[in-house]
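Reassemble the complex: the two chains are provided individually, in unrelated frames, and hints are given to aid placement.
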Amino acid sequence: MKRGGKTRATGAEARALDDGGGAHVMSWVIAIMLFLTLLAGAAGLATARAAGALDRQMAGRLTVQIVEGEAQRRDAAAAQVLGVLRAQPDVALATPVAQADLARMLQPWLGTDAEAAGLPVPALIDVDLTSDGSAAIARVRKAVMRASPAARVDAHATWLGPVGRLLDTAAWLAGAIILLMLVATMAVVMLAARAGLEAHRGTIEVIHMLGATDRQVARLFQRRIALDAGIGAVAGGILAGAAILLIAGQVGALDSELLGGMRLGLGDMAMLIALPFAFVVLAVGAARLAVLRQMRRML
Amino acid sequence: MANIVQFENVGLRYGVGEETLCDVSFTLRSGQFHFLTGASGAGKTSLLRLLYLSQRPSRGIIRLFGEDAVILPRDRLPGFRRRIGVVFQDFRLIPHLSAADNIALPLRVAGMAESDVARAVREMLNWIGLSERAAARPATLSGGEQQRVAIARAVIARPELLVADEPTGNVDPAMAERLLHLFHSLHRLGTTVVMATHDWHLIERVPGAHHLHLERGRLVDPDPHPPVASPAPASPPPIPARPDAKPSTIVRSGL
Numbered sequence: 001m002k003r004g005g006k007t008r009a010t011g012a013e014a015r016a017l018d019d020g021g022g023a024h025v026m027s028w029v030i031a032i033m034l035f036l037t038l039l040a041g042a043a044g045l046a047t048a049r050a051a052g053a054l055d056r057q058m059a060g061r062l063t064v065q066i067v068e069g070e071a072q073r074r075d076a077a078a079a080q081v082l083g084v085l086r087a088q089p090d091v092a093l094a095t096p097v098a099q100a101d102l103a104r105m106l107q108p109w110l111g112t113d114a115e116a117a118g119l120p121v122p123a124l125i126d127v128d129l130t131s132d133g134s135a136a137i138a139r140v141r142k143a144v145m146r147a148s149p150a151a152r153v154d155a156h157a158t159w160l161g162p163v164g165r166l167l168d169t170a171a172w173l174a175g176a177i178i179l180l181m182l183v184a185t186m187a188v189v190m191l192a193a194r195a196g197l198e199a200h201r202g203t204i205e206v207i208h209m210l211g212a213t214d215r216q217v218a219r220l221f222q223r224r225i226a227l228d229a230g231i232g233a234v235a236g237g238i239l240a241g242a243a244i245l246l247i248a249g250q251v252g253a254l255d256s257e258l259l260g261g262m263r264l265g266l267g268d269m270a271m272l273i274a275l276p277f278a279f280v281v282l283a284v285g286a287a288r289l290a291v292l293r294q295m296r297r298m299l
Numbered sequence: 001m002a003n004i005v006q007f008e009n010v011g012l013r014y015g016v017g018e019e020t021l022c023d024v025s026f027t028l029r030s031g032q033f034h035f036l037t038g039a040s041g042a043g044k045t046s047l048l049r050l051l052y053l054s055q056r057p058s059r060g061i062i063r064l065f066g067e068d069a070v071i072l073p074r075d076r077l078p079g080f081r082r083r084i085g086v087v088f089q090d091f092r093l094i095p096h097l098s099a100a101d102n103i104a105l106p107l108r109v110a111g112m113a114e115s116d117v118a119r120a121v122r123e124m125l126n127w128i129g130l131s132e133r134a135a136a137r138p139a140t141l142s143g144g145e146q147q148r149v150a151i152a153r154a155v156i157a158r159p160e161l162l163v164a165d166e167p168t169g170n171v172d173p174a175m176a177e178r179l180l181h182l183f184h185s186l187h188r189l190g191t192t193v194v195m196a197t198h199d200w201h202l203i204e205r206v207p208g209a210h211h212l213h214l215e216r217g218r219l220v221d222p223d224p225h226p227p228v229a230s231p232a233p234a235s236p237p238p239i240p241a242r243p244d245a246k247p248s249t250i251v252r253s254g255l
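Line order of the protein sequences matches chains H and F.
Residues in the first sequence are numbered from 1 upward in steps of one, following the UniProt record's numbering.
Residues in the second sequence are numbered from 1 upward in steps of one, following the UniProt record's numbering.
No lab work stands behind these hints: they were computed from the structure.
Facing chain H, a subset of chain F residues (Cβ under 7 Å, in silico):
(1) Pro78
(2) Arg81
(3) Arg82
(4) Val86
(5) Arg92
(6) Ile94
(7) Leu105
(8) Pro106
(9) Val109
Pairwise CB distance ranges (calculated):
(10) H:Gly285 x F:Ser25: 45 to 53 Å
(11) H:Ala199 x F:Arg188: 37 to 45 Å
(12) F:His198 x H:Trp28: 46 to 54 Å
(13) F:Ala174 x H:Arg296: 42 to 50 Å
(14) F:Pro95 x H:Leu266: 45 to 53 Å
(15) H:Leu245 x F:Thr140: 46 to 54 Å
Incomplete in silico selection of chain F near chain H, CB under 10 Å:
(16) Phe88
(17) Pro95
(18) Ala110
Don't be surprised by glycine CBs; every beta carbon is placed ideally from N, CA and C.
Chain F extracted, bound-state conformation (with noise of 0.2 Å):
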C-alpha cells in the first residue's frame, strides 16, 4: 500500500503562543480507515487543517500523495485539494445553494460536464436517502440532512483521502451509525478515511479501523479503556472490514 500521507516531526504554532501541534509524525496509507480521537483543545482540528491544506505547518515535514507538501507552490495546491475530500465540522453548505447543488460543487469545480455533473449528483443523492430534498436549501433540512448532504458534497468526486472533523458529532446515535456505513462504504471503495471523532462506540464499531490520539497537540498512544461518557447503543453487528484491513494499530512512523 503507498503511503497517501506522511507526517515527519511537524509542528503548529499559531502566533507566538505555545505550539498547538507538536513533533506530529505518522503515516497514513491507502485505503486504510483512521480515527483521531483527542480531548477538545488537543489540536484535532489544527492536524485535519493540514491534512486538507487549509495551513501550512510551522515547522516538519508533511508528504501528501508522494509531494512535499509544505513547499508546494499555490498554483498547484487546488489540484491537490481536489483528490482530498473534506467534511467540515459545520458543514459549511452554501446556503443559498440547494441540496444538490452544494453535492455538485466539487464536479463543477473540476469541470466535468453538466450531464454528468447531473447524473453523479442523482446517484449521490440517492446513496444518501435525500433524492426527494434534491431542491431544498440548507436552512430547510435538518442537521442530519445537512450532514448527510456535506458528506456527500465531499466524497462526490471520489477523493483518495476523506477528511471529516467529527462528523457524527451533531447527530443522534442512529445517525451517526448510518453516517458511519456511508464513510465505510466508501472506504470500501479504496478512499484513505480519516475521522476525528469524541465517540469511542463508533470507533469499536471499525474493526480494523487505525486509529491516532492527540493530547495536548502530541500523538500519543491511545487509552485502550477510555472513559465511557454514555452507555453505548444497542450493539448493532460491527460493520465488515475490508479483507485486507489489519487489527487496530497507531500507525506512526517509528512505531
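Isolated chain H (complex conformation) (with noise of 0.2 Å):
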C-alpha cells in the first residue's frame, strides 16, 4: 500500500466538518474584531507619533518673554538678553521672532494695531538649548533675569507636558484596546472551536476511531478556522482602510500644528497591515490548542 508519507487533512477528509451554519458567523466576529483593533492600532500609532513630534518639539526649547509697555525700553532689554543668551555655553540657538510675525499672531485677538492702541505687546525670544536637563534651563533663567527682570522664561515642557502625557495616555490605551482584542479574539476562537467539536463530535468519533491523530483532527478545525479568519480578515481590513485614510483625510485637512504629527510611517503601515495576518494566525492557533486540549479528554 502506497502511503503519501504526512498524515495532511485532503480533499474529503478536509471537507468532513460541514459548514453546521456557524461558518459565516465566526467571519463576522473576526472581521468586527479586526476592524476595532486596526482603527484602535492606527489610533494608537498615530498618537504615539504625535506624542514623539510633541517630545522633540519641547525638548531643550524655551521662550523668552520681555514683557515692557515701552516699545523702546522693550526691544533694547531684548538685544540685551538675546546678546546674554547667545553668550550662553547651554544655548544652541536663539531667534527673536519678529515684531510683525507676533503681531500677526496677535491678530485675531488684539486687532491690526495692537501697539498704536497702546496695547503692551512682548518682544519674543526662541531659543534650543543644548540640552533637555532642568539644570540647563535654571542657569539660563538666571542669566536671563539678571539681564532683564522684565525678561519672563517659558519651558515649552511647562505648558506642553500635560498634552504630551495625555498623548502618552492615548497611546498606551491603544496599546492595552488592541491586546484586549487579540484575547478577546483568542477566546471566540477556543469557544468557536469546542463547540464545532461538540458539534461535530459523531464525525470526530469516527474520524479518530479511522485512526486520525490528534492533529489530524486538529488540522481539520484549523482549516476550517482559517478560511472563516481569513474572509473575516480581509472585510475588516477593507473595512477598517478605508475608515483611517477618510480620518487621515479629515485631520490632514485641519492644517494643525498638533494634529499635524498624526500621521502614519511606513513601519506604522506596515504593522497595521500585519495584523490581519497576526489575526489569521492567532485564531489558527487558538483552534488548535482548543482542539488538542479537547482530544486530550477523549481515549
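Here's what the structure looks like:
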C-alpha cells in the first residue's frame, strides 16, 4: 500500500466537517474584531507619533518673553537678553521672533494695530538648548533674569507637558485595547472551536476510530477556522483601511500643528497590514490549542 | 497462527454500578472468524468497544497485536486503530460526504496518495455493488446500501482485525446473506473477523467459525440448541470454509 508519507488532511477528509451554519458567524466576529483593532492600532500609532513629535518640540526649548510697555525699552531689553543668551554655553540657538510675525499672531485677538492702541506687546525670543535638562533651563533662566528683570522664561515642557502626557496615555490605551481585542478574539475562537468539536462529535469520533491522530483532527478545525478568519480579516481589513484613509484625510485638512504629527509612517503601515495576518495566525493557533486540549480528554 | 487478541480476566464497569463485563478471557488467533452472541445488554457492544480501542477496561489485561493495549500511550492508539476495521451498529457514515468519500476516509487518514485512494475506492465500490452510487450521500442510500458502505469503509485499508457490531441487524435475510459473503471474502484474505450478531442462522452458515457467547457480562458456552426466533431462510448452501478452518469452538483461555 503506497502511502503519501505525511498524514495531511486532504480532499474529502478536509471537508469532513460541514459548515454547520456557524461558519459565517466566525467570519463576522473576526471582521468586527479586526476592524476595531485596526482602528485602535492606527489611532495608537498616530498618537504615539504625535507624542514623539511633541516631545521633540518640547525637549530643550524655551521662549523668553520680555514684557515692557514702552517699545524702545522693550527692544533694548530684548537685544540685551539676546546677547546674553547667545553667550550662554547651554544655548544652541536663540532666535528673536519678528514683531511683525507676533502682530500677525495676535491679530485675531487684539486687532490690526495693537501697539498703536497702547496695548503692550511683548518681545519673544525662541531658544533651543544644547540639552533638555532642568539644570540648563535654570542656568539660562538665571542669566536672563540678571540681564532683564522684565524677562520671563517659559520652558515649553511646562505648558505642553500635560498635552504630551495625554497623548502618551492615549497611545498606551490604544495598545491595551489591541491586546484586549487579541485576547478576546482568541477566546472567541477557542469557544467556537470547542462548540465545533461538540457539534461534530459524531464525525470526530468516527475519524478518531479510523486512526486519525489528534493533530489530524486539529488540522480539520484549523483549516476551517483559517478560512473563516481569512474571510473576516479581508472584510475587516478593507473596512478599517477605508476608515483610516478617511480620517487621515480629514486630519490632514485641519492643518493643525499638533494633529499634523498624527501621521502614519511606513513602519506603522507595515504593522497595521501585518495585523490581519496576525489575526488569522492567532485564530488558527487558538483553534489548534482548543481542539488538542479537548481531544486529550478522549481515549 | 499468531494471537491477534488476548483478553485475560477483563472487567469493565461504567461508573459505580455492576460490572458490564466480568472476568472475560479469550484469545483470537490470526485469520479466524468469530461470532459474538448474547442477549441485548449482555455486553457485546462493550466488548467490541474494548476490541476497537474505544474504551479501556477497568481491570484485566488486553493484548492486541502482541502489545498490552491497556497501558498503550494515547499517541500510539491511532497506529493500532488503523489495523482494526470497525462496522458500527448504526453505520456512522459521515452524512455530508459521498459514499465514495466515506469509504476513502481510512486511506486518507492513513495518508495514502490520492491516486491510489481513487483506485482502491473504485475497486471497493465494485466489490459491494455500489459503483453507480459513488457520489450519493448516505441519506439518499437505502439501509442495505448504507450498511455496505460502512462495511467497505471498515475493510478498505485491509485491516488485520475486523470488528462488526450486528452488521446484519437492519437488513433483510437476503442482504444479510450477501453481507456475510462480504465478510467471509475478507476472512479468506486473512483478516480476523469478530462479528456480533443475534442471528443464529448466520452462524450456521459459516462452518468453522468460532463462537463467543456473552451472558450478563460473562463469557459462557453457547447453547448448542438456541431458540430460533424465526424460521431459517430457505437453505442456501453453506459458505465454503477456509481450508485451515477447524470446527466451531470457543477459543477461550483455559478451555
